[in-house]
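K.L.:
Start from the sequences, fold in the hints, and give me the full structure.
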Amino acid sequence: MSGWMTVCRRLYRRTAHTFPDEFRAVCGDGLEQLGEDVVPLVWQQQGALGILRLFADLAMRLPYEYLSTWISKIRELTMTNDIFEGTWTATGEDAQWDVPGNSKPQQACVRFEATDTGYLMVAYGIVDGKAVAERPQAISTDGRRRPLVDLNGRPIPGVPAGAVAFGSHSDSLTLEIGAEADGRVLSAATYKVSADGKTLTATNHGVGPKGPYKNVWVFTRVVPDPYVPQG
Amino acid sequence: MYICEYRYCVMPKKNPDAFLPLRSNWFHILLCLVEGEQHGYGIMQNVLARSDGKVRLWPATLYGSLKRLIEAGLIVESGDRPAPEFDDARRRYYKLTTLGRRVLDLESQRLKDLVRALEARRRQEART
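Note that the protein sequences, when read in sequence, are chains P and U. Going left to right, the first sequence walks through residues 1491 to 1721 as the numbering used here numbers them. Going left to right, the second sequence walks through residues 172 to 299 as the numbering used here numbers them.
In short, the hints are calculated from the structure, not lab data. Computed from a predicted model, the values in this text were never measured in an experiment. Cβ coordinates follow ideal geometry from the N, Cα and C atoms, glycine included. Do not rely on the hints blindly, as some may be mistaken.
As the list claims (entries may be wrong) - Just a sample of chain P residues kept apart from chain U, beta carbon distances all over 12 angstroms, derived:
no. : residue
1   : MET1550
2   : ASN1571
3   : SER1660
4   : ASP1672
5   : LYS1688
6   : TYR1717
Said to hold, decoys possible - With a straight-line Cα cutoff of 25 angstroms, these simulated DMTMM-like cross-link-like pairs (lysine to aspartate or glutamate) come out:
no. : chain 1 : residue 1 : chain 2 : residue 2
7   : U       : LYS266    : P       : ASP1527
8   : U       : LYS266    : P       : GLU1526
9   : P       : LYS1563   : U       : GLU208
10  : P       : LYS1594   : P       : GLU1666
P.N.:
Right, here's the structure in full:
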């Protein structure tokens, strides 16, 4: 019977190995291993019928996983490109800068990635010759006010208690985000993409730790996007 | 740096209620993981034992569910390994996330409420 077991185990491993790469990327070779491990157990407990059910489970799941993978790929292909998505860069020379206590960056970059609920925004640049980066921001664009927390949902030191943030599209080319506490505006920003999609004008104002601030940046889209693998 | 107005962010959280009612397979898997990290074989055996042999998660069904639970953010693969004498280096371990635990709590409460409603109805019927 051990020869029969070996054949079943090998067959299971080979069939499990044909699952889509996307499935295997998440589950590794766990399915192959588990199948191999349970073949003798199932044979012992349920005999030939059990082995049949073991393979039936595999045979039914295989087309389902391929279908699920194809649906994801089709969704990805048909996804419309968001006009904000991508990497934008600007030099400090043309920027309007009125931020007490903070040096004007020589260079600034901002990157938007579309998410299910809005954007993930990352900003970084060069200030006083040193590379600096801001805290990544998850922006929801449904206009609802949500507590100000970090990406892990934890409170941020220095944020006033009860502070909330919000974001919305006032039109397809304009994104408005802001934060407030006790009805007092902490910050407000408008991001406007030009009609040709090549430039992004960011206007920021609010009240920082050292008083009111305001700045205006005109970013240029980086093409090709350095964060997207080329070729 | 003030390039982008603000250094705070808003974390859009997944609503745990959106997962309810929880699929039966998902419920069994999450239930196993309450006790701690577990690998695929362990989950399969645990579900079988817990259900007195009535529920068997066959390997492909189990791993299909694990994949979807990971994608939904209810479980994650654990980087921690048990002590070498208790470990099988081939296996991947899974554990509950905070969201997964919350969803399991809500589903348990939902089931409790259903049972309570059913019992109340039976008591009412018995009286009449």
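K.L.:
Each of the hints needs a verdict: does it hold here or not?
P.N.:
We went through each hint and held it up to the structure:
Listed as a non-interface residue, P/MET1550 fails to keep its Cβ farther than 12 angstroms from every Cβ of chain U; the least gap is roughly 8 angstroms. Non-interface call for P/ASN1571 relative to chain U: holds, since the shortest CB-CB distance, roughly 21 angstroms, exceeds 12 angstroms. Chain U leaves P/SER1660 outside its interface by the beta-carbon criterion, the shortest separation being 16 angstroms against a cut-off of 12 angstroms. A cut-off of 12 angstroms between C-beta atoms confirms that P/ASP1672 is not in contact with chain U; the least separation is 15 angstroms.
Remark: the non-interface label on P/LYS1688 is consistent with the geometry, its nearest Cβ contact in chain U lying 19 angstroms away (cut-off 12 angstroms). At roughly 17 angstroms, the least C-beta separation between P/TYR1717 and chain U is larger than 12 angstroms, which holds for a residue marked as non-interface. Distance hint between U/LYS266 and P/ASP1527 is fulfilled; the C-alpha atoms sit about 21 angstroms from each other, no more than 25 angstroms. Using a Cα cut-off of 25 angstroms, the hinted pair U/LYS266 and P/GLU1526 holds, with the two alpha carbons roughly 23 angstroms apart.
Taking the CA atoms of P/LYS1563 and U/GLU208, the gap is about 32 angstroms. The hint is violated against a cut of 25 angstroms. About 23 angstroms separates the Cα atoms of P/LYS1594 and P/GLU1666, which keeps this hinted pair within 25 angstroms; it holds.
Violated hints, in rising order: 1 and 9; the structure is consistent with all others.
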